[in-house]
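Enquirer: These protein sequences, in sequence, are chains R and F.
The opening residue of the first sequence carries number 259 in my numbering; numbering runs sequentially from there.
The opening residue of the second sequence carries number 23 in my numbering; numbering runs sequentially from there.
Hints are computed from structural coordinates only; laboratory data are not their basis.
The structure presented is a predicted model; accordingly, all values stated were derived computationally and were not measured.
Idealized CB from N, CA, C, for every residue including glycine.
Certain hints may be false.
Distance ranges between label pairs, derived from CB positions [claimed, not checked]:
1) F:ALA186 / R:ASP396: 37 to 45 Å
2) R:PRO557 / F:ARG379: 53 to 61 Å
3) F:TYR149 / R:ASN405: 21 to 29 Å
Under 10 Å between C-beta atoms, here's a sample of chain R residues computed to sit facing chain F [claimed, not checked]:
4) SER398
5) LYS412
6) SER437
7) SER444
8) SER466
9) ARG532
10) PRO533
Among the chain F residues that face chain R by a calculated CB cut under 7 Å, a handful are [said to hold, decoys possible]:
11) GLN241
12) HIS281
13) MET371
If you want the building blocks of each chain, they are given just below.
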Amino acid sequence: MRNRLLTITSACVTMGIAFAALALVLAAGQQAAAPQQTASQFGESSSLHALDAGQFPPYKPARMPDGHPDLNGYWQALVSADWDLQDHEAQPGPKPEINGVYGAGPAGQSIVEGGEIPYRPDALAKKKTNFETGAMVDVSSDKTWHNLGDPELKCYMPGVPRVNYLPYPFRIVQSAGPSSPYMLISYEFASATRIIRMNSKAEAPIPSWMGWSRGRWDGDTLVVDVTGFREETWFDRAGDYHSDQLHVVERYTPVSPFHLMYEATIEDPKVFTRPWKIRFPLYRRMEQNFQLLEFKCEPFTEEMLYGRFVKRPNP
Amino acid sequence: MIHRSLATLGIPAMVIAVGSMSMLMSQASQRARNAATDPQTKAATPSVPPPGAAAAKTSGFRTPWGDPDLQGVWNDATSTPLQRPTGVASKDVLNDAEAEEFQDQLAGHLSRDRRDGGSEVDANRAYNEHWMDARRLKITGDHRTSLIVDPEDGKIPPLVPLSAERQKQSDERAAALARFNAGMPNTYFDFELPIRCITRTDMPPYMPTIYNNDFQIVQSPGYVVIAPEMIHSARIIPLDGRPHVGKNLHLWLGDSRGHWDGNTLVLETTNFRPDSDIFRAADPATFRLTERLTRMDARTINYEYTVEDPHTWTRPWTVRIPWTRIDPAEQMYEYACHEDNYDESHFLMGARERERRGEVVQPIPHLPSVQ
Numbered sequence: 259m260r261n262r263l264l265t266i267t268s269a270c271v272t273m274g275i276a277f278a279a280l281a282l283v284l285a286a287g288q289q290a291a292a293p294q295q296t297a298s299q300f301g302e303s304s305s306l307h308a309l310d311a312g313q314f315p316p317y318k319p320a321r322m323p324d325g326h327p328d329l330n331g332y333w334q335a336l337v338s339a340d341w342d343l344q345d346h347e348a349q350p351g352p353k354p355e356i357n358g359v360y361g362a363g364p365a366g367q368s369i370v371e372g373g374e375i376p377y378r379p380d381a382l383a384k385k386k387t388n389f390e391t392g393a394m395v396d397v398s399s400d401k402t403w404h405n406l407g408d409p410e411l412k413c414y415m416p417g418v419p420r421v422n423y424l425p426y427p428f429r430i431v432q433s434a435g436p437s438s439p440y441m442l443i444s445y446e447f448a449s450a451t452r453i454i455r456m457n458s459k460a461e462a463p464i465p466s467w468m469g470w471s472r473g474r475w476d477g478d479t480l481v482v483d484v485t486g487f488r489e490e491t492w493f494d495r496a497g498d499y500h501s502d503q504l505h506v507v508e509r510y511t512p513v514s515p516f517h518l519m520y521e522a523t524i525e526d527p528k529v530f531t532r533p534w535k536i537r538f539p540l541y542r543r544m545e546q547n548f549q550l551l552e553f554k555c556e557p558f559t560e561e562m563l564y565g566r567f568v569k570r571p572n573p
Numbered sequence: 023m024i025h026r027s028l029a030t031l032g033i034p035a036m037v038i039a040v041g042s043m044s045m046l047m048s049q050a051s052q053r054a055r056n057a058a059t060d061p062q063t064k065a066a067t068p069s070v071p072p073p074g075a076a077a078a079k080t081s082g083f084r085t086p087w088g089d090p091d092l093q094g095v096w097n098d099a100t101s102t103p104l105q106r107p108t109g110v111a112s113k114d115v116l117n118d119a120e121a122e123e124f125q126d127q128l129a130g131h132l133s134r135d136r137r138d139g140g141s142e143v144d145a146n147r148a149y150n151e152h153w154m155d156a157r158r159l160k161i162t163g164d165h166r167t168s169l170i171v172d173p174e175d176g177k178i179p180p181l182v183p184l185s186a187e188r189q190k191q192s193d194e195r196a197a198a199l200a201r202f203n204a205g206m207p208n209t210y211f212d213f214e215l216p217i218r219c220i221t222r223t224d225m226p227p228y229m230p231t232i233y234n235n236d237f238q239i240v241q242s243p244g245y246v247v248i249a250p251e252m253i254h255s256a257r258i259i260p261l262d263g264r265p266h267v268g269k270n271l272h273l274w275l276g277d278s279r280g281h282w283d284g285n286t287l288v289l290e291t292t293n294f295r296p297d298s299d300i301f302r303a304a305d306p307a308t309f310r311l312t313e314r315l316t317r318m319d320a321r322t323i324n325y326e327y328t329v330e331d332p333h334t335w336t337r338p339w340t341v342r343i344p345w346t347r348i349d350p351a352e353q354m355y356e357y358a359c360h361e362d363n364y365d366e367s368h369f370l371m372g373a374r375e376r377e378r379r380g381e382v383v384q385p386i387p388h389l390p391s392v393q
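Please build the complete structure, drawing on both the sequences and the hints.
Expert: Pasting the structure below:
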């Protein structure tokens with residue numbers, strides 16, 4: 259059985275390469291001005307320039323038995339957008355007098371199309387407050403429970419799209435056939451899980467941290483429409499945020515055997531003046547026998563959240 | 023009172039994972055009950071033979087790449103107790119009339135809409151039937167009187183004596199539980215893992231509980247993934263024969279590997295964390311878990327597991343729980359636990375406030391029985 263599967267898979271891959279090569283030849287023929295590309299895509303300096311600029315050569319992905327691209331695998335982002343979606347310089351972490359460089363944030367370029375998030379003028383102040391209070395918590399009152407602190411700091415489910423650029427791996431689980439009209443994405447961070455309902459028209463029954471995901475295929479791109487968010491999640495440690503009106507449309511496009519191009523269009527009329535886009539590649543984790551381990555971070559938060567209510571020995 | 027109710031009704035399986043005391047009590051009572059019996063082990067043969075003949079029927083459920091197809095959303099709620107009670111249900115399988123009576127008795131006992139038992143019990147039933155999975159009031163379709171199918175008596179095998187170190191750990195846990203029961207936890211470590219939202223019934227082996235008994239299975243070539251509704255920890259199981267993770271890596275949910283034995287998915291899980299809570303008793307270092315999932319028909323998976331731990335039980339034991347496909351109109355919901363875990367702060371704040379007022383509260387080793 260496995261042999262047959264391998265045969266099918268390798269046949270698909272072979273066909274994919276053949277298609278890719280054909281497409282390259284056609285592209286080269288049609289666009290004389292385009293950089294010269296050959297079947298040995300990685301051997302020419304002009305192609306390397308394209309790679310350096312973040313352009314992937316044309317690619318036809320391996321396919322599942324139902325004909326859709328096979329996105330199964332362990333993936334991870336390498337951007338530092340979790341610290342800040344927009345341009346950011348290296349920065350110290352909380353309490354550098356204790357932590358030194360541990361906890362410091364790396365520099366990174368904006369993954370936002372056009373560079374800037376289009377905040378409504380009246381919405382920008384909250385981002386600033388979020389940043390200033392991102393490392394504070396106070397759970398002494400249920401009513402103000404969520405007012406302070408970055409949800410990531412508290413090990414809460416990070417929401418979408420943030421969960422995709424946290425520095426932790428995740429697995430896309432893609433089936434085929436009528437018995438599972440679902441895809442599933444399992445994240446190492448906080449054991450967060452998303453169920454993606456394929457071709458579903460059902461609306462979110464209740465708000466949730468990871469939102470209500472409905473998927474469909476647009477050619478070789480998996481499009482996931484996510485609504486039904488709770489308002490408490492953030493986009494990054496810089497305090498970028500949204501309201502309960504958040505609507506995210508994600509696009510996962512295989513661009514090589516080892517990369518998915520990820521795009522998300524973010525819409526929230528309460529907070530932003532217009533929809534805006536982020537874009538970055540996801541990388542396939544290729545270590546031998548790679549698997550998700552656990553980042554069940556709740557125990558790392560208990561002293562921070564509840565320590566002030568713990569019985570201490572009398573001094 | 024508690025022991026009498028155990029003796030007549032057994033321990034409803036659903037208490038195991040969430041209830042604070044059931045397993046400790048079960049083992050204490052088992053220890054007493056079995057003190058004079060023969061603790062010898064024997065071959066682990068289920069008393070009710072698994073329906074192997076039905077395998078042919080299941081061959082129709084295949085994924086497009088040829089694996090047996092277990093996909094869907096399944097529910098494992100039942101009122102059938104883990105261990106076989108005495109009395110009405112002293113035999114392993116009941117006839118229809120007996121089954122109905124057994125089910126009624128269990129449902130009456132489990133119901134949280136009861137208003138008998140006094141104010142304290144009443145308060146403990148504040149989460150009434152509205153919040154509960156109604157399927158947990160039904161016994162299993164095969165009319166068994168215990169989820170345990172091996173040993174034949176339907177009971178957890180006798181315990182082996184604990185080492186001094188493990189006895190000390192056990193005593194410390196019991197003391198912490200007694201503080202918690204009294205509403206006087208010293209620290210968050212006095213809570214059990216479910217209260218801390220670290221693991222609940224998302225930890226294998228899977229046991230029915232009061233709610234969130236759903237499991238979504240999604241397969242891809244070379245993998246089976248089981249996503250329990252409880253806490254949202256999807257369990258990713260490779261089927262490619264790869265070795266377990268290294269011995270220095272420990273996981274709350276363990277490290278699972280699977281293979282197909284005919285139409286049955288066989289799962290071996292190791293590398294549990296030392297602070298895992300496995301039946302409130304087992305030694306994670308020596309605990310061995312084997313689970314078997316078999317698609318029986320369009321609406322049923324047979325879920326069976328065998329546990330063994332020479333540091334805990336005198337022999338392996340095996341549990342069988344049918345999983346029933348949920349209606350397509352139903353669905354799993356996100357179970358955010360830690361995100362609004364007001365309990366953890368309320369319990370601690372309440373305890374400090376009572377201390378501030380100078381209240382003296384005695385630890386309570388066992389709460390009145392409420393499922």
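Enquirer: Each of the hints needs a verdict: does it hold here or not?
Expert: So, going through the hints one by one against the coordinates:
About 43 Å separates the C-beta atoms of ALA186 (chain F) and ASP396 (chain R), a value consistent with the hinted range of 37 to 45 Å. Range check, PRO557 (chain R) to ARG379 (chain F): Cβ separation about 30 Å, and the 53 to 61 Å hint is violated. Between TYR149 (chain F) and ASN405 (chain R), the C-beta spacing of about 27 Å keeps the proposed range 21 to 29 Å intact. About 7 Å separates the beta-carbon of SER398 (chain R) from the nearest beta-carbon of chain F, less than 10 Å, and the hint is met.
A hinted interface residue such as LYS412 (chain R) counts as satisfied when its beta carbon comes closer than 10 Å to some beta carbon of chain F; here the least separation is about 8 Å, so the hint holds. Contact between SER437 (chain R) and chain F, as hinted, is supported at the beta carbon level, the nearest pair being about 5 Å apart and thus within 10 Å. Look at SER444 (chain R): its Cβ gets to within about 4 Å of chain F, closer than 10 Å, so that hint holds up. With 10 Å as the threshold, the beta carbon of SER466 (chain R) comes within range of chain F, its nearest partner Cβ sitting at about 4 Å, so the hint holds.
For ARG532 (chain R), the interface hint is violated, the least distance from its beta-carbon to any beta-carbon of chain F being 29 Å, above 10 Å. Here the hint on PRO533 (chain R) is broken, as its CB sits about 25 Å from the closest CB of chain F, past 10 Å. For GLN241 (chain F), the interface hint holds, the least distance from its beta-carbon to any beta-carbon of chain R being 6 Å, beneath 7 Å. Using the Cβ-Cβ criterion of 7 Å, the hint placing HIS281 (chain F) at the interface with chain R is not satisfied: the shortest such distance is roughly 12 Å.
Among the interface hints, the one on MET371 (chain F) holds; its C-beta lies about 5 Å from the nearest C-beta in chain R, closer than the 7 Å criterion.
Going down the numbered hints, you'll see the structure goes against 2, 9, 10, 12, while the others check out.
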